[in-house]
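Quick mapping for you: the protein sequence lines, in order, are chains E and P. Taking my numbering, I'd label the letters of the first sequence as residues 16 to 206. Taking my numbering, I'd label the letters of the second sequence as residues 16 to 206.
Just so you know, these hints were derived from the structure itself, not from any lab. In this text, a Cβ means the ideal position worked out from N, Cα and C, and glycines have one as well. Heads up, a few of these hints could be off.
[To be verified] Pairs of lysine-lysine, DSS-like flavour, derived with a Cα cap of 30 Å:
no., chain 1, residue 1, chain 2, residue 2
1, E, 126, P, 36
2, P, 98, P, 32
3, P, 36, P, 126
4, E, 126, P, 98
5, E, 36, E, 98
6, P, 36, E, 96
7, E, 95, P, 96
8, E, 36, P, 32
9, P, 32, P, 96
10, P, 36, E, 95
11, E, 96, E, 126
12, E, 36, P, 96
13, P, 32, P, 95
14, P, 126, E, 98
15, E, 126, P, 96
16, P, 32, E, 126
[What the hints assert, rightly or not] Take a look, some chain P residues computed to stay more than 12 Å from chain E by CB distance:
no., residue
17, 21
18, 29
19, 32
20, 44
21, 59
22, 61
23, 68
24, 98
25, 110
26, 146
27, 149
28, 173
29, 175
30, 182
31, 195
32, 199
Number of protein chains: 2
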Amino acid sequence: MRMLEERILRDGIVMEKDVLKVDSFLNHQMDVSLFRAMAEEWYHLYADCGINKILTIEASGIGIACITALVFQCPVVFAKKTKTRNIAGDVYRTQVQSFTHNTCYDVIVSKRFLGPGDRLLLVDDFLANGAALSGLMDLSDMAGAQVIGAGIAIEKAYQPGGRLLRERGLRIESLARIARMDENGTMEFIS
Amino acid sequence: MRMLEERILRDGIVMEKDVLKVDSFLNHQMDVSLFRAMAEEWYHLYADCGINKILTIEASGIGIACITALVFQCPVVFAKKTKTRNIAGDVYRTQVQSFTHNTCYDVIVSKRFLGPGDRLLLVDDFLANGAALSGLMDLSDMAGAQVIGAGIAIEKAYQPGGRLLRERGLRIESLARIARMDENGTMEFIS
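Please model the entire structure based on the sequences and the hints provided.
Encoded structure:
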């Protein structure tokens with residue numbers, strides 16, 4: 016998606032250790048008019064797929080998911096991160112490994128909000144190793160919900176998540192796919 | 016706001032210990048068409064106030080804030096919760112006490128996204144003791160930004176936060192103000 020690629024080139028900052036900082040428009044300050052254009056692109060790509068719910072993960076996925084839900088005219092559910100293992104209640108639970116923070120955390124979704132009737136679009140800001148997206152697929156499987164596909168803003172295509180999840184049969188529509196980047200300003204997209 | 020009050024009466028669940036569960040439409044599963052109606056109400060109330068940015072706090076404020084920003088046609092910034100005290104970088108930082116979880120946590124906002132030119136609407140899902148909203152005011156003050164007012168979905172009007180913050184001069188527009196509630200199904204709103 017040209018608009019997102021141009022925004023990354025203009026306002027993104029490549030840091031040491033393979034970190035792409037897009038906090039001025041994507042995940043700290045948020046440009047919701049850009050989010051709406053992204054949501055319309057996903058709506059175009061997933062038209063006629065019968066998506067009836069958006070599933071995302073806190074915190075930075077929530078904003079993009081809500082604008083997307085407005086365009087799809089369906090509700091959003093966000094998986095919650097938790098560090099307490101022994102929360103009572105009827106929840107689906109799985110583990111997600113964070114490579115950025117080098118930790119592992121549990122994510123949960125209430126059983127009341129995910130079930131066999133759901134045809135899901137998974138939405139998140141980044142796809143790199145695929146841990147978060149894989150966790151959302153686990154939760155969907157536990158609920159018997161059907162995952163129609165994923166909508167990702169930025170995919171680091173040189174990391175293995177996208178390839179591994181596509182091999183598992185997941186349809187992934189990433190609006191900007193970075194082939195390579197470095198601190199000297201080089202950035203190439205896969206068109 | 017009649018639509019929100021009716022939704023709380025229909026789908027809200029009053030738990031022990033003064034907890035109102037609205038996770039089926041407000042802060043776990045999210046009804047974005049309701050959020051848009053709320054946003055339009057705030058837009059009506061704050062018309063001609065020159066609001067140019069929405070400030071909220073993760074995680075459950077983000078969805079409401081993003082839909083509100085779409086209606087106001089301005090960006091959102093969300094304050095991030097952090098437990099590490101010694102993060103480097105240019106951030107404004109304050110402490111928020113959570114009465115629900117009986118803990119204290121730091122919230123931060125990058126100095127790049129809040130400044131003297133900003134005329135802010137603070138948005139959150141709940142107002143009870145006012146700790147989160149007060150934290151957002153602290154961050155705004157540090158940045159020299161002007162807080163025009165707050166947009167709150169549900170105010171527990173029998174708790175002190177709303178009164179204390181209004182006494183400090185903050186304009187607060189809460190769309191549902193609960194005068195009292197109990198586990199037997201009693202709920203009264205202040206109209």
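For each hint, the structure was consulted:
no., hint, result
1, E:126 to P:36, "15 Å, holds"
2, P:98 to P:32, "26 Å, holds"
3, P:36 to P:126, "34 Å, violated"
4, E:126 to P:98, "29 Å, holds"
5, E:36 to E:98, "26 Å, holds"
6, P:36 to E:96, "18 Å, holds"
7, E:95 to P:96, "14 Å, holds"
8, E:36 to P:32, "41 Å, violated"
9, P:32 to P:96, "24 Å, holds"
10, P:36 to E:95, "15 Å, holds"
11, E:96 to E:126, "15 Å, holds"
12, E:36 to P:96, "18 Å, holds"
13, P:32 to P:95, "27 Å, holds"
14, P:126 to E:98, "29 Å, holds"
15, E:126 to P:96, "26 Å, holds"
16, P:32 to E:126, "23 Å, holds"
17, 21, "18 Å, holds"
18, 29, "16 Å, holds"
19, 32, "14 Å, holds"
20, 44, "4 Å, violated"
21, 59, "19 Å, holds"
22, 61, "17 Å, holds"
23, 68, "9 Å, violated"
24, 98, "10 Å, violated"
25, 110, "19 Å, holds"
26, 146, "18 Å, holds"
27, 149, "21 Å, holds"
28, 173, "26 Å, holds"
29, 175, "28 Å, holds"
30, 182, "31 Å, holds"
31, 195, "26 Å, holds"
32, 199, "22 Å, holds"
Of the numbered hints listed earlier, those contradicted by the structure are 3, 8, 20, 23 and 24.
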